[in-house]
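Undergrad: Chain by chain, the residues:
Number of protein chains: 4
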Amino acid sequence: MCDIVFGPYERPVQYYETDRMKIVHHSNYVRWFEEARLYFLESIGLPYDRLEETGILIPVLSVDVQYKKAFTFGDTFQIFLKCVRFNGVKCEFKYEVRDKETGEVRTTGGSSHCFVTEDMKPFHMKMLYPDIFDTLKACVKE
Amino acid sequence: MCDIVFGPYERPVQYYETDRMKIVHHSNYVRWFEEARLYFLESIGLPYDRLEETGILIPVLSVDVQYKKAFTFGDTFQIFLKCVRFNGVKCEFKYEVRDKETGEVRTTGGSSHCFVTEDMKPFHMKMLYPDIFDTLKACVKE
Amino acid sequence: MCDIVFGPYERPVQYYETDRMKIVHHSNYVRWFEEARLYFLESIGLPYDRLEETGILIPVLSVDVQYKKAFTFGDTFQIFLKCVRFNGVKCEFKYEVRDKETGEVRTTGGSSHCFVTEDMKPFHMKMLYPDIFDTLKACVKE
Amino acid sequence: MCDIVFGPYERPVQYYETDRMKIVHHSNYVRWFEEARLYFLESIGLPYDRLEETGILIPVLSVDVQYKKAFTFGDTFQIFLKCVRFNGVKCEFKYEVRDKETGEVRTTGGSSHCFVTEDMKPFHMKMLYPDIFDTLKACVKE
Numbered sequence: 128m129c130d131i132v133f134g135p136y137e138r139p140v141q142y143y144e145t146d147r148m149k150i151v152h153h154s155n156y157v158r159w160f161e162e163a164r165l166y167f168l169e170s171i172g173l174p175y176d177r178l179e180e181t182g183i184l185i186p187v188l189s190v191d192v193q194y195k196k197a198f199t200f201g202d203t204f205q206i207f208l209k210c211v212r213f214n215g216v217k218c219e220f221k222y223e224v225r226d227k228e229t230g231e232v233r234t235t236g237g238s239s240h241c242f243v244t245e246d247m248k249p250f251h252m253k254m255l256y257p258d259i260f261d262t263l264k265a266c267v268k269e
Numbered sequence: 128m129c130d131i132v133f134g135p136y137e138r139p140v141q142y143y144e145t146d147r148m149k150i151v152h153h154s155n156y157v158r159w160f161e162e163a164r165l166y167f168l169e170s171i172g173l174p175y176d177r178l179e180e181t182g183i184l185i186p187v188l189s190v191d192v193q194y195k196k197a198f199t200f201g202d203t204f205q206i207f208l209k210c211v212r213f214n215g216v217k218c219e220f221k222y223e224v225r226d227k228e229t230g231e232v233r234t235t236g237g238s239s240h241c242f243v244t245e246d247m248k249p250f251h252m253k254m255l256y257p258d259i260f261d262t263l264k265a266c267v268k269e
Numbered sequence: 128m129c130d131i132v133f134g135p136y137e138r139p140v141q142y143y144e145t146d147r148m149k150i151v152h153h154s155n156y157v158r159w160f161e162e163a164r165l166y167f168l169e170s171i172g173l174p175y176d177r178l179e180e181t182g183i184l185i186p187v188l189s190v191d192v193q194y195k196k197a198f199t200f201g202d203t204f205q206i207f208l209k210c211v212r213f214n215g216v217k218c219e220f221k222y223e224v225r226d227k228e229t230g231e232v233r234t235t236g237g238s239s240h241c242f243v244t245e246d247m248k249p250f251h252m253k254m255l256y257p258d259i260f261d262t263l264k265a266c267v268k269e
Numbered sequence: 128m129c130d131i132v133f134g135p136y137e138r139p140v141q142y143y144e145t146d147r148m149k150i151v152h153h154s155n156y157v158r159w160f161e162e163a164r165l166y167f168l169e170s171i172g173l174p175y176d177r178l179e180e181t182g183i184l185i186p187v188l189s190v191d192v193q194y195k196k197a198f199t200f201g202d203t204f205q206i207f208l209k210c211v212r213f214n215g216v217k218c219e220f221k222y223e224v225r226d227k228e229t230g231e232v233r234t235t236g237g238s239s240h241c242f243v244t245e246d247m248k249p250f251h252m253k254m255l256y257p258d259i260f261d262t263l264k265a266c267v268k269e
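Chains A, B, C and D, in that order, give the protein sequences.
Each residue of the first sequence is one higher than the one before, counting from 128 in the numbering used here.
Each residue of the second sequence is one higher than the one before, counting from 128 in the numbering used here.
Each residue of the third sequence is one higher than the one before, counting from 128 in the numbering used here.
Each residue of the fourth sequence is one higher than the one before, counting from 128 in the numbering used here.
Some clues are possibly wrong.
As the list claims (entries may be wrong) - Derived DSS-like pairs (lysine-lysine); straight-line CA-CA distance at most 25 Å: (1) K248/B to K195/A; (2) K149/B to K217/A; (3) K195/B to K195/D; (4) K221/B to K221/A; (5) K248/D to K248/A; (6) K196/C to K248/D; (7) K149/B to K195/D; (8) K217/A to K196/B; (9) K149/B to K149/D.
What the hints assert, rightly or not - Looking from chain A toward chain B, a few residues come up when the C-beta cut is under 10 Å (computed): (10) M148; (11) H152; (12) S154; (13) E161; (14) S189; (15) V190; (16) Q193; (17) K195; (18) V232; (19) G236.
None of these hints come from the bench; they were simulated from the model.
All C-beta atoms, glycine included, are put in the ideal place defined by N, C-alpha and C.
Whenever a hint applies, use it, and build me the whole structure from the sequences.
TA: If you want it as structure tokens, here you go:
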């Protein structure tokens with residue numbers, strides 16, 4: 128059983144994630160969302176490397192990020208994540224990125240995904256993998 | 128005077144842009160949008176390195192990407208870009224990423240930005256930099 | 128028949144390749160070497176995506192980079208490359224990265240590689256792929 | 128007082144660090160070395176963001192990596208680091224990257240650096256920052 132709102136996933140900002148504007152390059156937040164998402168899956172007993180071995184891939188359908196205040200090297204970020212939709216075919220996550228020191232929400236975002244086999248075909252998760260279906264279903268907080 | 132719809136900005140996919148799923152990692156499209164945007168600015172006579180020297184930064188406020196079909200190594204992408212809003216304080220772009228060989232639209236997205244000084248303060252572009260204001264204003268296609 | 132010294136492979140520096148020190152992050156030169164190497168392979172009729180389809184992978188055994196003067200956004204780099212060793216089992220490249228505007232050599236480096244099948248096993252290139260062997264052999268300048 | 132051989136610095140491999148060959152892209156090890164190096168500096172009381180504020184930059188002069196066996200997503204790496212040379216003007220590090228689960232050394236490497244001011248000029252560290260000089264000097268294991 129997972130927490131309804133999951134987190135925080137946290138780590139320090141890497142130097143190589145900053146750019147010439149002296150802040151974290153905005154593309155990296157999309158990677159941070161992925162880190163938090165895979166950490167979440169691992170935490171509920173579904174490590175993504177094992178899902179891949181099972182033949183389940185979870186590609187990204189869409190992503191959005193809202194930048195309120197930048198992070199830079201020296202900061203530690205915390206990501207809180209919510210699975211807001213899951214029906215066995217698609218799922219959707221929302222993210223909040225906070226500064227660890229102050230708790231300030233500096234970035235928000237979302238991503239939507241589908242579930243496919245290795246040859247990128249959709250499949251019937253509830254029927255083929257009922258345990259995985261139930262585990263994910265139990266985490267949804269709409 | 129720039130084209131109302133700008134593009135294409137094109138280049139081959141880099142090997143290091145792919146991931147274990149054998150496709151381009153989804154975070155890279157945010158970088159590709161930036162490449163297209165900076166190429167666009169250069170094409171209308173506003174190379175971003177010179178804007179930075181003038182003291183003008185254009186940070187990203189938000190970004191969104193819709194993934195329809197993946198690119199991988201061996202593909203060449205083309206980005207078509209439209210400046211859909213500009214008022215001297217903020218601006219907004221839309222992007223279409225096509226496969227060069229087939230013309231197929233594989234990714235779409237958008238980004239919004241503000242204009243600030245080096246110490247991240249907004250400024251009155253129409254008053255301080257009327258030429259830059261006019262150049263950008265002339266490119267808008269709402 | 129390829130040029131004994133190959134190049135230049137050139138492109139502008141990307142904004143996202145810079146870091147907080149306002150210069151290109153040093154890890155990116157390893158990626159630039161790869162870009163030049165794959166461009167070289169394509170130029171001699173051996174595009175790497177087709178080599179992969181044939182079942183030939185060319186992983187990196189070692190890499191080294193010497194940083195003399197940094198590149199930053201606004202610069203265009205040129206890479207000149209030399210295949211200094213090839214025996215069907217391993218190969219070795221040397222790289223020079225120059226500033227396009229001044230011709231100044233700003234970075235040098237090298238990389239060594241082996242040839243393996245998809246399951247990471249070595250194979251007898253001269254026997255299995257004599258044409259590829261001959262093409263590469265003809266490019267060596269020790 | 129720091130350990131003569133420092134480490135491990137460890138973390139799981141990120142999904143986005145892998146490439147189409149299904150292994151970690153070789154450029155990322157250069158970033159991992161940086162992570163370990165900055166973690167080392169922080170551990171001996173010299174966090175790099177504070178060094179930068181003081182006006183001290185430590186650019187990279189050269190880097191080399193030897194790849195013995197690849198990491199991929201699902202692995203956790205450990206880096207052990209040794210400062211093998213330091214004279215106030217330059218310093219040199221050696222790295223060993225091990226698989227956390229097996230202890231196997233999969234990658235080795237080195238990097239050399241200089242110390243400069245923000246305008247990239249060398250300075251006399253022993254005279255200007257004797258405390259920093261002594262702290263680093265105490266860590267050297269030739």
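Undergrad: Provide an ascending list of the numbers of those earlier hints which the structure does not satisfy.
TA: 3, 5, 18
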